[in-house]
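Q: Here is what each chain is made of, one letter per residue.
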Amino acid sequence: MVQDNFLGNYTSCVAARSTNRGILAGSQDGGIATGLLAFALEQGIIDGAIVSMVDPSEPWKPMPFVATSPEELYFARGTRYSLSPNLALIKEATRSYGLDKVGIVGTPCQMQGLRKGQLYPIGLRDVPDKIALAVGIFCMENFPYQSIIQLVEDHGNTKLENVVKMDIGKGKFWIYTERGAVVQLPLKITHKYEQPGCHVCLDYVSNLADVSTGSVGTPDGWSTVFVRSKKGNDVWAKAMAAGCFETKPIEEVKPGLDLVTKLATEKITKNRKSLEERAKFGIGKGLRNPYI
Amino acid sequence: MSKVIEISPTTRHEGHSKLVLKVDDQGIIERGDWLSITPVRGIERLAVGKTYEQVPKIASRVCGICPIAHTLAAVEAMEASMGVYIPDDAYLLRIVLQCANRAHSIALHNILSLPDMYIPGTDVKINPFTPEEPVRSVAKRIQRIREIAQTIGEISGGECIHPSNPRIGGLYTNVSPRAKSKMFDLAKEGLALARDQMEFMIAVFRNYQKRDWSEVGGMQVEIPATLGYHNQGYMATDPVYGTSSLDENPRWDPARFNETRPWDWYMGEMEITDDYPNYPIGGTTPKGAKAWPQMEACSGVPLYDGQPVEVGPRARLAQFRGYDEKGTIGQQIARQMEYTDSFYKIIECLDALNTSASVLADEIPQGDGSLGWAANEAPRGSDVHLARVKDGRVQYFSMLVPTTWNFPTCSRALTGAPWQLAEVVMRGYDPCVSCATHMIVVDEKNQLVAEKLIQ
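Top to bottom, those sequences are chains A and B.
Take 1 as the starting number for the first sequence in our numbering and just add one per residue.
Take 1001 as the starting number for the second sequence in our numbering and just add one per residue.
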């Protein structure tokens, strides 16, 4: 078990990508979240998973839903850079959906909420023991849906309906359109559209997930994977044995773990500062630090 | 010369109540008063002015044992007042929820009533918590039945305690096909367990009926053949679910209902003249203390056709199935006979349920202030809620809950029993006291009288 101040506790870290071309085709990077949940679903490790899909009525607006088949999971592939309240379905999944073993994908803050809910199940009667697999994703910050409209349509000058993929990487916000145009926005522009709540978050790589994954640290088309818990290790080992993923040691890929550590350190240091600033905000009426 | 004995508080049931008993020299009850001493909840007053969506949620909070009955009765009382007709599939899911609650409640009551009973063929009372066989496997079966029923309630109602899914106009969500088959499988498992449990419980109760004596607090007491007999009538509105003023032929009539004050019904102030420190759980109230049932009772006395009536499993079976066994044991056996019915009904409803259908009415009128009522057959009997809704706000709300009906009836049934067995008679009603505390009292002209007893 590796213990790191910024990357949390993990048993192993690898670069990986799905061996299923169908999954890879629509995925953000290595198709880890989709691939792992699909494997768990097929093996009966989970009965269903809470993931985010695009709201059919509004382009690129994520909404949580409960996927109970691999086909439904494929709908959820890819990243939407906007808030999807996945935890809102955690109780309903065990109720009218009738799930006994729930999988869930979420950002670091959602993993914190999930674990807190498991520890203090107020309003979550009979839910904690039904969480079978929690896949966390890396997250620097998130955007409200209005911000995405602003960024894509006003700054990027592209119609949101026409966008096929959005990505944050190499210091830029990338917008790929159906018509083939690619727009890059410097991250300097996007900062003011971030959700302010994200500026107090002290977790970059989903320290509390069973398995956490993200693009940072590995080449395009690959993902960095942290296996953290016993449960995560178990599922990951089974998935590897079944040949769901191909992996490379993280030391052998560029830019490697150093970049993950660098970004995690940057996020956490920056957010610690904003926490301090919030504490001193105004005169004698500092804003609350959600961590204490 | 009669003595006065008080058992306070009574134990092994929900809520807070006591028994004030006038007994003769042989220890036989001449007159018994069983009264609720749980403080008044005031739900009816809280409800006034709230939106119709809020009130069933508040009503549910009156007690955590049958919140499902209160939610469903309150929801349907609102629907009856507003004239909302719900889709068939919502109705089916509500019945599933109702039956799950009933099965759970019977199982829970088994644990409460078993300690009065004997292991057949022995003089050993049953302790449901002992690790020894045969009791341990029965206790496990009871807990499994409860688990099954609560899980079914959780899936169909969103939550087994204070269900979140029922709403005015139907339900918030239908269940998924997977959830439906999960409930079906659970009900099938529950059915087999419930049948075994029913047979076991009936054997235990029949054994008690055949016994000559029972031991209570070191005293050997003769069990009369007429334990718990009374001559009051029965009131039930449906074998399983309920009825409301929207029905073509409603099976309850508010015009036949009247409520009187405990002041006019219970005994006046008196002194306790005898005590038994060895009576289980701390002995009876010491000599010299005062009891004043008229003033202490925290519930009204509802009358149907001018008489107290019995509600509950026996009332349902007597009204709809021709069941006619009187007394406490007859009542207990009637309750066990509802075990399998609950699971059969769940299976039947799930078979008919369409999981893709809408469970919400297309149109929900906001109410014109007319009186609507709904009776729900809670595990303990008819739970009648009355409401007036106008423009989305509740103007009037009243709950007539099962144990309120049973208080005066059970008080009558105590006569002729040895005082030591008064609690056995009382437990036969599966009392759930906390929801039964109300103080909305009307006089002959149906005017609200000054609520002097509240102060």
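In short, the hints are calculated from the structure, not lab data.
Certain hints may be false.
Claimed, not checked - Derived EDC-like pairs (lysine to aspartate or glutamate); straight-line CA-CA distance at most 16 Å:
#, chain 1, residue 1, chain 2, residue 2
1, B, K1182, A, D100
2, B, K1182, A, E92
3, B, K1390, B, D1368
4, B, K1182, B, D1351
5, B, K1290, B, D1305
6, B, K1003, B, D1025
Q: I'd like to know which numbered hints this structure contradicts. Please list them from smallest to largest.
A: When the structure is compared with the hints, only number 5 turns out to be violated.
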